[in-house]
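Protein sequence lines correspond, in order, to chains G and W.
With the numbering used here as the guide, the letters of the first sequence map in order to residues 400 to 712.
With the numbering used here as the guide, the letters of the second sequence map in order to residues 15 to 321.
In case anyone wonders, no lab produced these hints; they're calculated from the structure.
One should not assume that every hint holds.
[Claimed, not checked] Partial list, derived from the structure: chain W residues whose beta carbon lies under 7 Å from chain G:
(1) L23
(2) R24
(3) P26
(4) Q30
(5) G98
(6) R100
(7) P183
(8) T186
(9) K250
(10) P284
(11) N311
(12) N313
[Claimed, not checked] Below, a list of computed lysine-lysine pairs in the DSSO-like style, where the Cα atoms sit at most 27 Å apart:
(13) W:K71 <-> W:K16
(14) G:K499 <-> W:K169
(15) G:K499 <-> W:K156
Remember, predicted model here, so these are calculated numbers, not experimental data.
Cβ atoms here follow ideal geometry from the backbone N, Cα and C, with glycine treated the same way.
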Amino acid sequence: MTETIASAALAVHENLNIQKRRIQKGEKKTRLSLVTGTHGDELEGQYLAYMVGSFIDQNIDMLDGIVDIYPALNPMGIDSITRGIPMFDLDMNRVFPGSKNGTMAEMLCASIVDDISGSDVCIDVHSSNIFLKEIPQIRMSAPTAQTLLPYAILMNVDFIWIHDAATVLESTLAHTLNTRGTKTLVVEMGVGMRITKEYCRQLFDGVMYLMKELGMWKGEIASVREPIVSEGREVGFVNSDAAGIFVPCANFGDTVKKGDHIGDVVDPLTSEVVEKVKAVCDGLIFTLREYPVVYGGSLLARILQPVSGGEDK
Amino acid sequence: MKKKILFSLRSPYREQLEVTGFCFGHGKKSAAIVGAMRGNEVQQMYVCSRMVQELKKLEAKGHIADDCEIMVIPCVNYYSMNIGKRFWTMDNTDINRMFPGYVQGETTQRIADGLFSKIQGYEYGIQLASFYQPGNFLPHVKMMDTGFTAPALMKDFGLEYGIIRRPRPYDTTTLNYNWQIWGTKAFSVYANATDIIDENAADEAVYAILRFLDTQGIISANTPPAYVTKLTDESKTSQIRSEAAGVFKSLISIGKRVERGDVLGIISDPFDGEVVSEIRSTVSGTIYFEYCAPLINSNTVCFKIIK
Chain G
400 MTETIASAAL AVHENLNIQK RRIQKGEKKT RLSLVTGTHG DELEGQYLAY MVGSFIDQNI
460 DMLDGIVDIY PALNPMGIDS ITRGIPMFDL DMNRVFPGSK NGTMAEMLCA SIVDDISGSD
520 VCIDVHSSNI FLKEIPQIRM SAPTAQTLLP YAILMNVDFI WIHDAATVLE STLAHTLNTR
580 GTKTLVVEMG VGMRITKEYC RQLFDGVMYL MKELGMWKGE IASVREPIVS EGREVGFVNS
640 DAAGIFVPCA NFGDTVKKGD HIGDVVDPLT SEVVEKVKAV CDGLIFTLRE YPVVYGGSLL
700 ARILQPVSGG EDK
Chain W
15 MKKKILFSLR SPYREQLEVT GFCFGHGKKS AAIVGAMRGN EVQQMYVCSR MVQELKKLEA
75 KGHIADDCEI MVIPCVNYYS MNIGKRFWTM DNTDINRMFP GYVQGETTQR IADGLFSKIQ
135 GYEYGIQLAS FYQPGNFLPH VKMMDTGFTA PALMKDFGLE YGIIRRPRPY DTTTLNYNWQ
195 IWGTKAFSVY ANATDIIDEN AADEAVYAIL RFLDTQGIIS ANTPPAYVTK LTDESKTSQI
255 RSEAAGVFKS LISIGKRVER GDVLGIISDP FDGEVVSEIR STVSGTIYFE YCAPLINSNT
315 VCFKIIK
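Can you make the complete structure from the sequences, with help from the hints?
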């Protein structure tokens, strides 16, 4: 069953509709919400939403609970390849919790929060942006880690990044839902404007595993990998200092040593290498720049350091 | 006057970005004035350019106080201005959501850091601000309530209204907020327009800033008579939102007094012209913001009223 959970009239004979699909079977009321499409340039979640819905449809008798799929929180953004809400250039994930009596964006956000609240678990799928590629990972703030980590480790991601809380992130959907008691996991994977089938498949297995653990799925499921958790580790940021074209020579997922050559910034006009990019620390490259044009400051890579004094598995 | 490059950034394909400050007087860092941080803030840049003109004249006459330095930065993000974008050219991030900045961070964090490191430590900070929606404001001054605020100082601008805003989480990375946290008394001046030049509003903003600097003893300037500023909390203002979508027509202008129930505007069907909604005031007060685009969505703020 599909339903419109929020709607706003646009200027010329059209409504902006945010839709969800509810798949329900069995006696249990356990509810999993799969949410994506907050940023219009992030598409990995679109294919994942299709995969999960399609698989459940084909094996509907195995479901014992409620799965709500929200594929497009920012439908106009996806439709127009716009990261924010078109017309306003607003990042939707800085408008939560919104307000029923607020502006259009605030009203939509408040309706979304109301609808998802009460889910047993919510999975909020993002896919970086057009500039960076990310290995499948779940991010959470330190204050929420104790609650969320037991669920995150079931999700078949490679990495769980527990970061410091930041006031500005209090305007996100995940913060709002977690504050209201709906356990919400933020997934980052792949790259903007593309679908990485391999990652969608990986996360699909995680979603099904989580459903099994929640008692919502009676069918067979694949085993999941044990993620690296960032606790006790530092993340090294590699930013460009020069402007030009970034050409990596390390691969995504490589383990590198501090000082290793991981790429060059080159100048196509002068044919010179303007910066030899080196790893800032030992560790695993879990973020790598995908879009070649860089300014000073452009993020090129993130490296997850090993545990102090220890070795990665 | 001294012209200083506060921060520069190389681009792969364009001339180097040079954020430029104009300094007047010598000595104690007294006031910094920042204009456009977004590519559509033409009015904000224009007001600053007018300030440069005024301060040049005052400096030539010796009307800048001893041991006082004023810096004006008309435009931080002219890269975006030159290509018709509001936010940063490449990644569409907003410099005014990157403060206090980070020298080793991403590009707009570095720009914010480069700017903030040069405008930190001033006693007063004045930012020419804009709103994300198309619209006109009654010139007014705003301050964020960070706990370090002295709202009464807003009266020294002599604008009709001074508004205190309780910061939301997304405000914590703005220039204004961070200025205050680092000890600068920071104000946002709204000079009506954004992507067009409104000469009258620019005059009013320039006089207001000169008046403020004069009252603080930083300059000596003659300015036209001022308003007795009414201070109010933003939570006590009212927003009137559209209940329908279509073609918007305002029936009132900013600065006008309205009564509860007055019709402020109409929305008509874009195809057949039938009126689909009358926008009525829910309170009595003075209009200080008016939406100004021809098309309007539902739930859009079309008027703001100070009760």
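Hints, verified against the model:
1. L23: The hint holds - L23 (chain W) has a Cβ within 7 Å of chain G, the shortest such distance being about 6 Å.
2. R24: holds, 4 Å
3. P26: Result: holds, 4 Å to nearest chain G Cβ.
4. Q30: It is violated, given that the least Cβ distance between Q30 (chain W) and chain G is near 9 Å, above 7 Å.
5. G98: Nearest chain G Cβ about 13 Å off; hint violated.
6. R100: With a minimum Cβ separation of about 6 Å from chain G (threshold 7 Å), the hint on R100 (chain W) holds.
7. P183: P183 (chain W) check passes; min Cβ-Cβ to chain G is 4 Å, inside 7 Å.
8. T186: Since chain G brings a Cβ to about 5 Å from T186 (chain W), closer than 7 Å, the hint holds.
9. K250: Violated: closest Cβ of chain G sits about 16 Å from K250 (chain W), beyond 7 Å.
10. P284: holds, 5 Å
11. N311: holds, 5 Å
12. N313: holds, 4 Å
13. W:K71 <-> W:K16: holds, 14 Å
14. G:K499 <-> W:K169: violated, 34 Å
15. G:K499 <-> W:K156: Judged against 27 Å, a Cα distance of about 25 Å means the pair holds.
Violation of the numbered hints given earlier is confined to hints 4, 5, 9 and 14; the remaining hints are satisfied by the structure.
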